[in-house]
Amino acid sequence: MNKKNLISITDFSKEEYLKIMELSRYFEENPNQSLLKGKVIATLFFEPSTRTRLSFETAISRLGGKIIGFSDSNSSSVSKGETLHDTIKMVSNYADLIIMRHPLEGSARYAAEVSDVPVINAGDGANQHPSQTLLDLYSIMKTQGKLDNINLFLVGDLKYGRTVHSLLMAMSQFENPIFNFVAPPELAMPDEYKLFLRQKGIRYFEHLEFNDIINQADIIYMTRVQKERFIDPVEYEKVKNVYILKNEMLAQTKPNMRILHPLPRINEIHTNVDSNPKAYYFTQALNGVYTRMAIISHLLNLK
Amino acid sequence: MQKQLNVSAIKDGTVIDHIPTKVLFKVIQILKLEDFPNTITFGNNLDSKVLGKKAIIKIANRYFEDEEVNKIALVAPNAKLNTIRNYEVVEKRVVKIPEEIVGIVRCFNPKCITNAENIPTRFQIINEKSIEMKCHYCEKITNENEIRIK
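As they're listed, the protein sequences go chains A and B.
Using my numbering, you'd call the opening residue of the first sequence number 1 and step up by one each time.
Using my numbering, you'd call the opening residue of the second sequence number 304 and step up by one each time.
Treat the hints as calculated values from the structure; they're not laboratory data.
Quick caveat, the model's predicted, so the values are computed rather than measured.
From the three backbone atoms N, C-alpha and C, an ideal C-beta is built for every residue, glycine too.
Treat the hints loosely; a few may be bogus.
[Claimed, not checked] Just the calculated beta-carbon pair ranges, DEER-fashion:
hint: 1; chain 1: A; residue 1: Arg-198; chain 2: B; residue 2: Leu-308; range: 49 to 55 Å
hint: 2; chain 1: B; residue 1: Glu-370; chain 2: A; residue 2: Glu-186; range: 42 to 48 Å
hint: 3; chain 1: A; residue 1: Val-234; chain 2: B; residue 2: Asn-446; range: 28 to 34 Å
[As the list claims (entries may be wrong)] Just a few of them, taken from the derived set where beta-carbon distance is under 10 Å, the chain A residues facing chain B:
hint: 4; residue: Tyr-110
hint: 5; residue: Ala-111
hint: 6; residue: Asp-124
hint: 7; residue: Glu-192
[Claimed, not checked] With a straight-line Cα cutoff of 27 Å, these simulated DSS-like cross-link-like pairs (lysine-lysine) come out:
hint: 8; chain 1: A; residue 1: Lys-303; chain 2: A; residue 2: Lys-39
hint: 9; chain 1: B; residue 1: Lys-437; chain 2: B; residue 2: Lys-325
hint: 10; chain 1: A; residue 1: Lys-14; chain 2: B; residue 2: Lys-325
hint: 11; chain 1: B; residue 1: Lys-414; chain 2: A; residue 2: Lys-227
Based on the provided sequences and hints, a complete structural model is requested.
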């Protein structure tokens, strides 16, 4: 059987990204469906992630499907010592598709090899979380009307943040992106990604702060600068306020500019930004439901 | 002056020469020679024109397919294999790094699923010169200094 999975953002081609964008728009316009009628979808959350789980489960419900699963490994047979292999073998006999979040990296790729039904990776440790990237793409598409020629500001923790790495890989498939990396030296974009961009002839710029250049941005993608990432707490204290977005910084920004954030936000976007029409992060989260409806339908060849 | 061999000759079998001294035991592990019942002799820290010091392994009545022996290229890229029949070298071979390494090396990433479950590891070689290999599962890169045999 030639089953499709979504494990890593690079598993999908540009054509598939565009198909997901089109389907997401269709489901946004027609959210109540019965495409999954009679189908059972498993959501296996070996570590808790309320936001992602609720988004997927809403998507399944909107498509008319039934849900089985667990929301943390304490309530599953894992607590009795069952291997991932055996859990997946069993569940793939019950369900038509598996959505899995697991703390270990590579677990989703392995599950896809064990399972007879398609697997969606809803996060494997610090490795991949591709449905987040697809909803980010959909949010850019919706707010900018295109995915080509986007000036994208990635701000905060660019070293450990898997969302920014995946977004970089996905956006580099489109025409003429410009990346602006705004991060302290401790959390700078890793060399492997910069090398990748250079090899593809894609422009990128690195900055330590962004107040003076923010007016160039089409999209500002904020992430959290975590104190735990700094070896020297003094360094953290020095930079912690540099990467906080405040409403007064937005006065000169482009009219089409929108602010994205994978959430949860802590303090990196001041709450006085929330009422600004350029704040898009809560709508971005809602877009995730439509994007996940699109991913499920695509993998099961329903649309 | 009579030339004396540091490791005595074998009548039939395989000689693996030009092994870096530090990886002798890794080569033994990779080829699973611990379980091999025939005579095996080896020497370490022998003088070498090429390497300065080298290791050598002589395995009686054992011959290797390319696929089997190419695995050692991970740790001993300059190793040379001599096939011996009746004390004569009948074939000389060099080793070549395979594109994919399955089930030999441990993934460097402690949070990789292959270090938690009993799964054969799979790596794609992304740099042959100074070995770098990408884990098929966690997508992290293990380099030559981090290679540990499973």
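Now the hints, each set against the structure:
1. A:Arg-198 / B:Leu-308: 49 to 55 Å: holds, 53 Å
2. B:Glu-370 / A:Glu-186: 42 to 48 Å: holds, 45 Å
3. A:Val-234 / B:Asn-446: 28 to 34 Å: holds, 32 Å
4. Tyr-110: holds, 5 Å
5. Ala-111: holds, 9 Å
6. Asp-124: holds, 8 Å
7. Glu-192: holds, 8 Å
8. A:Lys-303 / A:Lys-39: Cα-Cα ~15 Å, so holds.
9. B:Lys-437 / B:Lys-325: holds, 24 Å
10. A:Lys-14 / B:Lys-325: violated, 46 Å
11. B:Lys-414 / A:Lys-227: holds, 22 Å
Checked against the numbered hints above, the structure violates only hint 10.
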